[in-house]
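J.: Below are the chains, spelled out letter by letter.
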Amino acid sequence: MKALILTGNGLNTEKELDYSLRAAGAKTRITTLYELLDGDVDLEDFQMLALCGGFSDGDDLGAGVATAKRLGKAGDEMRRFFERDTLTYGVCNGFQILIKMGAFSSGAQRDATLTYNDSGFFYDGWVRLRVNPDSRCVFTKDLDGLYLPVRHGEGKFVTRDDEALQRLRANGQVAIQYVDRNGRVAAKFPDNPNGSVDAIAGICDTTGRIFGTMPHFEAYNHPTNNPQYTRLKRNLGELADGMEPDGIKLFRNAVAYFK
Amino acid sequence: MDSNPNTLQIAVKPEFPDAAAGSVRQDFAERGVKTESVRSARKTVFDFGLSESELKNLEAELTDPVTEFSAVNKPVNPGDFDFMVEVSRKPGVSDPEGRTAKEIAETVTGREANGKAYTSRQFFVKGANAEDLQRAAVAMLANPLIEDVQIRDYRTWDRRTGLDTLPKMATANGIRVGYIDLNVDDNALMEISTKGQLSLNLREMHRAGAEYQRTDFAEERRLLGLRPMPTDVELEVVAQTWSEHCKHKIFNAAVRYVDKETGQAFGVDSIFRTFIKDTTEELAKTDKWKDVLVSVFKDNAGIVKFNGTHNALMKVETHNSPSAKDPYGGALTGVNGCHRDIMGAGIGAELIASTDVLCFGNPDYGGYLPPTILHPDRVRKGVFKGIEHAGNKTGIPTVNGSVFFHDSFLGKPLVFCGSVGMMPAEINGRRTDEKSIEPGYLAVMVGGRVGKDGIHGATFSSGTLTETSPSSAVQIGDPIVQKRAYDFLIEARNRGLYEAITDNGAGGLSSSLGEMAQISGGCEIYLDKVPLKYEGMQPWEIMISESQERMSVAVKPEKIKEFEELSRKYRVESAVVGKFTASGKFHATYGDEVVAHLDMDFLHNGVPKMELEAEWQRIMHNDDPVIANDYDLTAELASILARPNIASKERLVRKFDHEVQGGSVGKPFVGVNNDGPADAAVIRPFLDSDEGIILSHGVNPLYGQVDTYHMTANAIDEAIRGVIAVGGDMDRIVFNDNFCWPSPLEDKKKMAQLVRANMALRDYCLEYETPCISGKDSMTIDTTYTGQNGEKQKISGLPTVLISAMAKMADVRNYVSMDAKKAGDIVYVLGATKDEMGGSEFYGMHGAIGDSVPVVDAKSAKALYRSVSDATRKGLVASMHDVSQGGLGVALAETAFAGGYGMDADLSRLRAQGVDKNYKAMFSESAGRFVVTVDPAKADEFEQTLGNDQYARIGRVTSGDGFYVRGLDGQTAVAASIHELKGAWQSRFGWN
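Chains as they are written, first to last, in the numbering used here: chain A, 1 to 259; chain B, 1 to 992.
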């Protein structure tokens, strides 16, 4: 599987996204937004597109807004890519860009967005997640009980109204949700780090092939990334080093999709 | 098409919470201004032609259809309000959002905009009065140096009328190069220096004047059309180059040191050379270091070998004066400026981590402050926001740091910004640590444009902060511009498109090109070719402006086309602004006119050497407090845990991204709930390898009140302990040294303190075999102001040495965290506890300083650290925590509550010397100690690995939540629950 990793203009997680995809068995190329806009790279050559996290355009004017607009110039090419049997993953700022491009909307009107955290501040911390078994998401197949870091100031998922939320649920678009220590859907900070409705941390489009998440799968690519690593090691010994990180598991699903 | 300015206002729909307004409401409440409601709006003014449909399109693009609503050329209607508070930038102040808005407008219209876009924030307030709002807005929202606040009353505000004035820069009236006659009397000379913010002393003014008396030089100038006196450009270039900030005149001075106590007296020719550089050079000759130290003390950062293919880099800078004036902008440009040191070392390196150590006045300071000094809590908030934006927005993890509070830092905070980098040792067969510049190479400026922001930063920071210190010295950063430049330059480096690089920091182009020109032997600078933010800057301003996000590079003429093409690809501005020569001259022109022509040798070596006196006389405090209740220290422990210097900073630090780049191992907060205080950071720089880098530091200005020699020794030992505590070893530790000092120019004692600090640096670096590879000094942490009764006042920060350590870790899977891991594990204390209460946090809590500061016994510590490293390498240690501020009591409590377990400990089992009181055993800050917990099954092997005289078994980790410490007499000295102790520790700092 060949994946194109999109960075530049303030996006910044290409190093770990690249490593995680390769560790899961993908072939990768890192490219900049500029190369895509200038036609130096052809999406036709790839089966997966991964949009990095970061601060494209510094989050000026709202996270992802400016870059979504810039990418509009490659809009037709991206639409053709989405329509093909391809996968797309956007993490954090990449998710914000995708949602603001309308990549998850079935109709013309966009009725979900990512906005400022209820807390009003940027927060870096690890969160627990459940995987919605009813989701169509290709990436999260057979996964559950995830533990990942979030790092954002604008990650609160909201919909225009309750109907829009019901539609997402009915379409199997709700992929992952924040949960508390006991596995219950989390309403409060810091388990739900931003105040997302229904504790939604990641959604997919109606085909399950386009996936956006606020938590950083690519940042859990090695056993030692897990903040509980030293505690696991005290209890499990060397076994702790053999546990496959959640980030790599996710990308294995992406690679497996094309087998 | 309408060429009038067009205004777009965007607000959050009433049914969604307005986070920006919420935090402003909280800020107002903190200033005692109660409001019923606050709503906010973002305003953008496009000051260029847009058609109606383009404007509609822009509105649709920039407004979130789910959560926001907007209005064009009329105010949004945010509902009921009494006052509208608008915060806008002053003319000339960078407006990153305005820059982005303009770029998006250009994307929408498909053509270049012939004007700027300006953004501002509006707050619609109900339920307060205008005066209170003005006061609160200036106190909490806006910095009057760079921002304007306007308040509109709902009843009188005509919301239909036109726009307020835009913060456009006024166009200056003609370009002019002036001459300054230095052939005047001494008073007039000093007036030139002071009024011109040159910070040159009389000897230096004389030296500068003498240069123009040389007849051959005068003749050379005549032929170029220059008069035999300095142009304004030249005098500014000399002042920047000779500034304390750039030349470190105090560290290079000839010093006469007298110790009144011992009668010892000696001369030092350059503290820097004698104690720091020579020490590193001695170590560089040893087998341990000879192949590791690649480039030390000669570039923007120290460079050491990391592995067979890569070199690691480290640099720690300070940005104290700018952060005093504008905490947000000062810290942001401090961090991003230090990033540029890594980008500009050798031929440029990748950035892999940032660190921040901060010293502020006490957060609850309630005394008098003049209007020119910001409250320390405001300073702290601004500095944290600046660090957050600088690191997060450029994708560099902020992994290690600390915060220290003391009221001596009310005038100038200390803002230490550290950066760590990595570079391939060779690229295309060429060593990356060396810059190469031949005559004929082009001088190219990359990144941001030049404006009037940041003029006189170098000279300003070299002096005492006064009420009239220039606001122009404040720089506002735009991290995304730097991130784009960084991405471009790394690609250009990998393709071999340039030969040398350095950053534009203090002194601007005069310093960056002036320093690079030393390699080729001269330069020509074309000031009229420098891209400007706006018209009308004078040549001297262009030369020395410290506008941010700029790098200077040397490009071979045959590669300039490819360089410029790649630059355009990354949407980064690059301009050829000069050429390197071998003329021996620093030469600058503006159009056809020569505006500077200086001898390189005069410029770089002409500054007269300072001669300074140092006299050491120990002052005894004799103020050891009487602790009446030594049998129950429970309340003392809870109180010390809540002290600002000890309390948890988690809620402040979680706003920094410490995980980006995917190699985070040792995080700032660890333990069962990820909230215990880690001793050091561990990162994995190469994701496909288990090799790691450890970053830690040591700092404690309180000890310097007794003796800066021991303060420095303790800083070194603490930095090393941090490395050892997380599973590192002594094999590959290097340091960056930072000295922040109150001016020792006319103070023999402060100079003696500086000499003593450096003596310790040498002694302990040699003993531990840990070289300094880079460093920085900031020699004027003084502030003068007018007191309440009109009297002159001065605040001087405590002399402070920060030692930042970088160490290689062979395998990150040996990482050890500080939290107790399992009930039943054995608790050990390693190292000896002594009666060393001087400068301790416990004494501080009792209003005392004391005299017996911890004395570092490096020989035994070194032996202990070696055997501890063996134990961690063998996987024998479950947890380890450095014992530092707050002593053993704090370290034991933190170990327990971070792990979520109780603990039983017995002080009578400690290895102790002269400790006759429980409070001494609990709170003495003796160096060289750790709290360790070990699986009982591994205890024997652990003890054998350590050797008999190194450890004391003092207790057990327990399954409940009880924290019990038995005193020296066998009676219970502390009985508390870990929740109670943790609560005290966490209660001090909130999220705001």
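Hints were generated in silico from the structure; no laboratory data involved. Don't take every hint at face value.
[Unchecked claim] Derived DEER-like restraints, expressed as beta-carbon distance ranges:
1. A:197 - B:370: 43 to 51 angstroms
2. A:237 - B:688: 18 to 26 angstroms
3. A:237 - B:438: 29 to 37 angstroms
4. B:673 - A:237: 17 to 25 angstroms
5. A:145 - B:37: 38 to 46 angstroms
Glycine residues also receive a C-beta, built at the ideal position from the N, C-alpha and C atoms.
J.: At the C-beta level, are residue 145 (chain A) and residue 37 (chain B) separated by a distance inside 38 to 46 angstroms?
T.: holds, 42 angstroms
J.: Can the suggested window of 17 to 25 angstroms be confirmed for the beta-carbon pair residue 673 (chain B) and residue 237 (chain A)?
T.: Given a distance of about 23 angstroms, which is inside 17 to 25 angstroms, the answer is holds.
J.: Confirm or reject the claim that residue 237 (chain A) and residue 688 (chain B) have a C-beta distance inside 18 to 26 angstroms.
T.: The hinted range 18 to 26 angstroms holds for residue 237 (chain A) and residue 688 (chain B), with Cβ atoms some 24 angstroms apart.
J.: Take a look at whether the Cβ-Cβ distance between residue 237 (chain A) and residue 438 (chain B) falls inside 29 to 37 angstroms.
T.: Violated, since residue 237 (chain A) and residue 438 (chain B) (Cβ atoms, about 59 angstroms apart) do not stay within the stated range.
J.: Does the beta carbon distance between residue 197 (chain A) and residue 370 (chain B) stay inside 43 to 51 angstroms, or does it fall outside?
T.: holds, 49 angstroms
Hint check: a violation occurs at hint 3 only; the rest are consistent with the structure.
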